[in-house]
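**Student:** The primary structure of each chain is shown beneath.
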Amino acid sequence: MRISRSLVAASLIVFASSAAVAQDRPLVVAVNYPLQYFAERLLSDDADVVFPVPRDVDPSFWRPSIADISMIQSADLILLNGAGFATWIDRVSLPRSKVVNTSAAIEDQFIITESITHSHGDGGEHSHEGLASYTWLDPILAIAQAEAIASAIITKGVAPADDVNAQLETLIADLQALDAKAAVALDGLQDTTILTTHPRYQYFARRYDLSLASLQWEAGAMPTDADIADLETLVDQTGAQILLWEAAPPAAAIDVATSLGLQSIVFAPLAHGIEGRAFEDMLDDMLFAMSKAGADD
Amino acid sequence: MNALYLAFAYLRYHWARSLVLTLVAALILFVPVATQILLSTSERALIARGNATPLLLGSRGSQLDLMMAALYFSDERPEPVPMREVEAIWDSGLGIPIPVHAAFSSSGFRIVGTSLDYFDFRALDLSEGRGLSILGDAVIGATVASTLGKGVGDALVSSPENLFDLDGVYPLEMPIVGVLAPTNSPDDDAIFVDLKTAWVIQGIGHGHEDVVTAAQVAAGSEAVSNAAVVQYQRITEDNIESFHFHGSQDNFPTSAVIVVPNDTRAGTILKGRYLDGENPTQLIEPASVIQGLVDRIFRIKSLLDVVTTIIAIAAFAAIGLAVFLSYRLRAKEIATAVKLGAKRGMVLRLLSAETFTLLSLSTMIAAIGAAIVARNAEAWVGWLLSLGA
Numbered sequence: 001m002r003i004s005r006s007l008v009a010a011s012l013i014v015f016a017s018s019a020a021v022a023q024d025r026p027l028v029v030a031v032n033y034p035l036q037y038f039a040e041r042l043l044s045d046d047a048d049v050v051f052p053v054p055r056d057v058d059p060s061f062w063r064p065s066i067a068d069i070s071m072i073q074s075a076d077l078i079l080l081n082g083a084g085f086a087t088w089i090d091r092v093s094l095p096r097s098k099v100v101n102t103s104a105a106i107e108d109q110f111i112i113t114e115s116i117t118h119s120h121g122d123g124g125e126h127s128h129e130g131l132a133s134y135t136w137l138d139p140i141l142a143i144a145q146a147e148a149i150a151s152a153i154i155t156k157g158v159a160p161a162d163d164v165n166a167q168l169e170t171l172i173a174d175l176q177a178l179d180a181k182a183a184v185a186l187d188g189l190q191d192t193t194i195l196t197t198h199p200r201y202q203y204f205a206r207r208y209d210l211s212l213a214s215l216q217w218e219a220g221a222m223p224t225d226a227d228i229a230d231l232e233t234l235v236d237q238t239g240a241q242i243l244l245w246e247a248a249p250p251a252a253a254i255d256v257a258t259s260l261g262l263q264s265i266v267f268a269p270l271a272h273g274i275e276g277r278a279f280e281d282m283l284d285d286m287l288f289a290m291s292k293a294g295a296d297d
Numbered sequence: 298m299n300a301l302y303l304a305f306a307y308l309r310y311h312w313a314r315s316l317v318l319t320l321v322a323a324l325i326l327f328v329p330v331a332t333q334i335l336l337s338t339s340e341r342a343l344i345a346r347g348n349a350t351p352l353l354l355g356s357r358g359s360q361l362d363l364m365m366a367a368l369y370f371s372d373e374r375p376e377p378v379p380m381r382e383v384e385a386i387w388d389s390g391l392g393i394p395i396p397v398h399a400a401f402s403s404s405g406f407r408i409v410g411t412s413l414d415y416f417d418f419r420a421l422d423l424s425e426g427r428g429l430s431i432l433g434d435a436v437i438g439a440t441v442a443s444t445l446g447k448g449v450g451d452a453l454v455s456s457p458e459n460l461f462d463l464d465g466v467y468p469l470e471m472p473i474v475g476v477l478a479p480t481n482s483p484d485d486d487a488i489f490v491d492l493k494t495a496w497v498i499q500g501i502g503h504g505h506e507d508v509v510t511a512a513q514v515a516a517g518s519e520a521v522s523n524a525a526v527v528q529y530q531r532i533t534e535d536n537i538e539s540f541h542f543h544g545s546q547d548n549f550p551t552s553a554v555i556v557v558p559n560d561t562r563a564g565t566i567l568k569g570r571y572l573d574g575e576n577p578t579q580l581i582e583p584a585s586v587i588q589g590l591v592d593r594i595f596r597i598k599s600l601l602d603v604v605t606t607i608i609a610i611a612a613f614a615a616i617g618l619a620v621f622l623s624y625r626l627r628a629k630e631i632a633t634a635v636k637l638g639a640k641r642g643m644v645l646r647l648l649s650a651e652t653f654t655l656l657s658l659s660t661m662i663a664a665i666g667a668a669i670v671a672r673n674a675e676a677w678v679g680w681l682l683s684l685g686a
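Those sequence lines, one after another, are chains S and A.
Using the working numbering, the letters of the first sequence map in sequence onto residues 1 to 297.
Using the working numbering, the letters of the second sequence map in sequence onto residues 298 to 686.
Here chain A stands alone, though its shape is the one from the complex (with noise of 0.2 Å):
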């Protein structure tokens, strides 16, 4: 007790070196946890995306461009599907498919064309406002909301495609009616809308327009969020009931479709009726294609465990090292503390003492360290790989 109490005097005393000894001692512990930790969660929360999602439908061609634009709703643009295929599915009622139309953005978030079975699907939850009900209606992400400052009775345009668009497809202005509870997901990240919402967007559907113009707006009438968007058409109530749909909607198309198998048998039924190669359209499963992708990106973690255990063994040796040094330069005061009787084994224990303290020091800020890492891991890695996206 009399060992520790003269050590934590001694450290007080020499407050500078002590301070530096442990800053130095608890960033040697917690670097290492505190990447394992990150790691571990992005890890978990990728593969729990691919997971959660147990079958994807698309066009073929690259899976992972596939699963990226449906998961994660990234820049990709995989070759549209026809809505046939989500009627093809349903017809065969071995699974739920959930369309996912993301070819669009608005002021840098994906808008995402989909059913309200995506609602259910992914369990989210709305913090403010209703969810989607008529035509041009938007829910947004709570990463969008945040970002933009936007809630509901606010309104976004959807970005235009071709400055030179000949087809006389305007953007669309849509209400914000909702703001989705977070989720440390891409979900934070999007706009979603209706599929036929996201099909007016493309042209396909349309109306008697309502388009303000760039007058209304140079006039200050009217307002955008775009600074490149000059015209745009707007579903009002006087306008909607001319909304109409040109074709038939089995050739409308979808970037992707989430496919929910009733139960492992329907799964395998249906993953069986995409593996002919002259198929235009796969079905893949987004876990193995994500566990792959993962694999390959933690081949990076064995490094990285070297490299630290390598830092960690010269820190610690450098700490070892002013010590001992410490150590040498104290050989006065040690010789005179020998002289005033106090035994070796004293000495020891008040030397060992100091060690045990700072080690304790140490160890509690990085423990601290670590649990606030482990606490806001899913939230921060939410939000890099959101950065990623």
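So that you can see chain S by itself, here it is in the shape it has in the complex (with noise of 0.2 Å):
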């Protein structure tokens, strides 16, 4: 009996004392994965580092409850991406000095897309100029944000230098490594086109020379008739042989491509991540299977 009590008691100090050390420990939000896992690599275990969006939503066009957003406001750093990705940051109230655009220094390397033009009410015609969000894919960029992220690190505190900036230097030679093995993998696809079933992949074509030509598909989706219409048509004009979807389609999705003569690769662009998975490694996988398909052309 009296064994059991001091159990209990040493276990209930215990648990308050490491309650206590939860609630001390730093809090940093990402807007998604990639920045995440980088955050988490920068600060090994010196804080909390929450990518707060549900798998199954896309993290550029999430909308975060009350709750969520008190969560993110309650936080130590706020990592956003910039370039336009998670539009809802825009309708929500941050405090701005908790805030970090990781991209703010590469914002001349920024891939314009279409232009889009509307009205409102009375008022007259105007145009938004779209931007490429994705910008991870481009490994010399994610180090850019990665730093960043260091940066806003260290500056607020939130853990050691010393750490950080040894962390950082592991970080940036992985991304390196992946840079210059992507450089030798997708070695010969210049010359050919690439199908994209969504306009993701522009920061990644760019860094290695690859020419895309983009759909605009509903993830792991079964393509309509008209999409696979769209799919024909664009075979047609570019001869393109490689087919990468954001997600993996139905089988009777992938049965499609092959009978129009398309290897189809499951490229996931990383926003959300896999449990599990290495930020490196995913790309590794992916990058394996494109030089493949390349291979086998």
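What the hints contain is simulated information worked out from the structure, not anything from laboratory work.
Backbone N, C-alpha and C fix where the C-beta goes; we use that ideal spot for every residue, glycine too.
Errors might be hidden in some of the hints.
Computed Cβ-Cβ distance ranges for the label pairs, DEER-style [to be verified]:
#	chain 1	residue 1	chain 2	residue 2	range
1	S	GLY130	A	SER424	42 to 50 Å
2	A	GLY450	S	GLN176	52 to 60 Å
3	S	ASP163	A	SER585	41 to 49 Å
Each chain sits in its own coordinate frame; assemble them with the hints.
**Tutor:** Below is the structure:
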């Protein structure tokens, strides 16, 4: 009886102290998986890094609840991707002193996409310039974003500068290695057009001098007849032999692509991560698949 | 002891005269003390707001107008500064810039568009509801809540800036999501919104508006708090996704920017950057601007002190005369006391005890009055200052 009481008391003390420690840990919120991954690598165990978007929601178009916003506002650091990624930030109140635009230093390298013209009410027509948002698919831009995160972590005192700089060095080395690997793996694909089910890969294509033609298909869904007709037209126009899928489609969709002479590769743009896989490993897998497809041509 | 007892009995018997003398003496003591308390509290309150705001960035022009608009949310409209100035301070890493956009109003209270950093900077706490979260949310000051009788769940509509608004920018309905605890500062009289909401009111940001029309208002299906408003836009769950902003945010306006430098050195470096008279923006120290203003205002205080002293001397002379005349009227009574065997010293003691009792009661009343004023001075001064704004 006495022993069991002592055990309960001891476990209560341990629980209470661990809860206190958990509360004391800084909180970092990221708007996509790559930023979460970079922050986790840089912070080791010095802070909790949260990417609050549910797995089945596109982080670009997430609508946070009031509870989500409250959690984000309470963070010590809020990591934004910039380049027009995560439009919800324009409609939410965030403490500017905690917000870090990780792509501020690479704005001159943004890719401008199509301009959308529309009008409201009595106002005249006006245009919006779109920006390609998936900057992290270019490892060199990803390095710049990681550096921005490291700088913010140090400035805000979230983790010791020496530790963060040491981690940053390793992360940069990994991303540089990935870049070198990609350059080799994609060598030979420069002369062929690659089709994509969604325009997500602009920075990746620019980095490795690839020629892309994009469709506007819904990720992971069976393409409609109109979609397939568009694909046929695009294949005829470009002579493409590789199709990059944003998310794994139904088997029937792969069959359709195969019937048109296309090799299907699922190339997740990594706005969401995959449980248990590191950022570089996932990109490495996709590079391998592309390299293999290139060799098969 | 006997003299005091007899004096008190005499004063009680002539209670009306005693009461008048006591109240007059109490007033003479109370007025200068209360004036002093209120003036020094006003001075402190005015300077405190300036001291609590290290630096203020705004368009070059009247420093006083800039300070009054950004710190006291007055009707002054300084030329706006572009947001690139805010970003320049962020980029410098020398301090925290907090934009203050105070160009619009609702129901007679100023709408202040700012960032969440403002609430931390001013240490504002909520007494009800939650803080700003999404576009369109409003958090109101304590005075706004009590004056308008509004709270969480109600809504406010921004006042139309131009009745003949040809741009099609309608006033905005803003749901109240929080009420601030009273601070006895201009923040009590403000309606806080996110800076982006202020831009929506300005027409820089807009969506596929859910406009409430005059017909709906007339039909009673919608209501407005401001009779001048006939149409307004509303940010709803259905249309919020369509709200967007045009152009580069660097060019968007704000009335002023509160700058909180990291340290004295950073403050000095920042001030140095805005010394050039050709620069369209200026960086001012609100404390020194307000000190100059307060010095000017409080020059009148010395005049007031002289007037109070003259009135006090005249009033005390009047009381002295009244006491002297009462002694003359009581000459027969004093003579009777002497005939009964009272010595001159005893008579003097009796008269002194009466005067002492009167003055003690007056001092006590004046002290109670002064204590009440001192206790409520901050609230009353806050209210008086807000009347001025």
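**Student:** Hint by hint, note whether the structure agrees.
**Tutor:** Hint by hint, here is what the structure shows:
1. S/GLY130 - A/SER424: 42 to 50 Å: holds (44 Å)
2. A/GLY450 - S/GLN176: 52 to 60 Å: The hinted range 52 to 60 Å holds for A/GLY450 and S/GLN176, with Cβ atoms some 55 Å apart.
3. S/ASP163 - A/SER585: 41 to 49 Å: holds (43 Å)
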